[in-house]
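Novice: Next come the chains, spelled out residue by residue.
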Amino acid sequence: MLAKIKEFLGMEAKPEELASKEEVEKVAEEKAKPRIGYVHLSGCTGDVMSLSENYDILAELLTNMVEIVYGQTLADVWEMPEMDLVLVEGSVCLQDEHSVKELMEAREKAGLVVAFGSCAATGCFTRYSRGGQQARPDHESFVPIADLVKVDCAIPGCPPSPEIIAKTVVAVINGDMDYLQPMIDLVGYTEACGCDLQYKVVNQALCIGCGTCAMSCQTRALTMTDGRPELTSARCVKCGICYTQCPRSWWPADRIKQDLGL
Amino acid sequence: MVLGTYKEVVTARSTDKEIQKIAQDGGIVSALFCYALDEKLIDGAVVAGPGKDFWKPEPMVAMSSDEILAAAGTKYTFSPNVWMLKKAVRQYGLEKLGTVAIPCQTMGIRKMQSYPFGVRFLADKIALITGIFCMENFPFTSLETLMAKMGVSPELVEKMDIGKGKFWIHTADEVLSLPLKETHGYEQSGCKVCLDYVSELSDVATGSVGSGDGWSTVFTRTDAGETIFKAAVDAGVIETKAVNEGKFGLEMLTKLATQKKEKAMKEIDRRKAMGLPVPYKGSSEKEDPLANV
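As given, the protein sequences belong to chains A and B, one line each in that order. Those letters in the first sequence? Residues 1 to 262, by the working numbering. Those letters in the second sequence? Residues 1 to 293, by the working numbering.
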């Protein structure tokens, strides 16, 4: 992973250890560190845990590349400051005024709002919430954050992989809008479900039976039968990953060739 | 660019007599994986292994040469190998994984590597993608129907092959064929918008067209692919000769690749005109109408 990040920063040709430190410092000097906030709505903290699984680069990331200015579990700050970017984890409960207020405030104070993880992006398994439980039986309606505020970028995944988080952060630091474009486009994809494969791929004569959807499903709700995805809907958490990873949903040709050196 | 970006193209075959006997063509996929396993360049490979029904493959994690060889030969139907990659890493605990993939499967893997949204710690474990040329694929029921049309039952079939305008079936005592125009309507429709014939995004791509019987055409594409292929040649497990540039060599390959792309571009344009989704650009939006974008 470290190699991948270095590649992004154009460091791969430099001598190993030394280059890494010097270059990171250089990047830190040349580019103002983005001020990053983290807002935790109705999520499970799995997305921020996934971020922390970038073991190799985490120390560099947190100390040299970004500044974490706000966020439960990350910073002891009560008042929400101005932020360049806010990662919002979790969907928002319409009956919880604090959640709604915090989301609105984050929108006001952040340059970029990122739906961080599938709960924020698509609602994910909170789509199944229907209230009726103690201590707040009225807490029944959970929606992806794009239903309430303008979202700039979505990183789906339940959780998003550590690698995509690192790649996204680096792309943000480098202003690599080409890399971020699919995540900008995914903002509109809020009503996700495993059945999208049927509606948007198989029904549209696009499925080629490669199995990428079944491989990427994070709950094993998908299998392949006679070369087509078969969904066990009771296992589907509506994270949207299967359709997002399908090579027939969107196709980043230029980026792939660049990554492969082709 | 009709044949994708590559470092070198050669005609090659496995030097192993056993592999030559069972391979579809030059045995390049088998030879490369066996060599990579022996040299510990990979610790397993996802291949299209035998399934419950004759000629209906199942993706399988092969961790020995015997298992690799059990998967030799082309099956003209789906083997969702990409599905098995996660199992290979999570359940088999493999760190350096090889896989054989047709172009669309390669596309699924490469997209996952560039954008691993929900796919944790898998992208960097793919060590070798051996891509195979692919004109189109068939649902299993189609394949059964084609065998029935030729009056042969699946368990008697020893080899299937598409070439020289025909679908060929070899049994122990005869060779049957069906003109390709009689297979139309049996192809998978998703193949009709595919712009990749020669596995343009694989590490090493191989296929039959462009080389004589018993040999394969091989493209080395990525640095990783070039390194492994060269090492296998140096070790003597694969022999190579200069590729035929002429009518039955690269010219033929270029012609077929161009035909596939042109046909797909037409279909993409047709679909776009109807308002149907396509992951690729239409020909009118491209600088190079044949580019795989």
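Hints listed in this document are in silico derivations from the structure and should not be mistaken for laboratory results. Please note that a few of the clues may not be correct.
Cross-link-like lysine to aspartate or glutamate pairs, in silico, DMTMM-like; alpha carbons within 20 angstroms at most [claimed, not checked]: (1) LYS286(B) to GLU230(A); (2) LYS96(B) to ASP259(A); (3) LYS56(B) to GLU230(A).
Predicted model, so just to flag it, every value in this text is computed and none were measured.
Novice: Check each numbered hint against the structure and report the violated ones by number, ascending.
Specialist: 1
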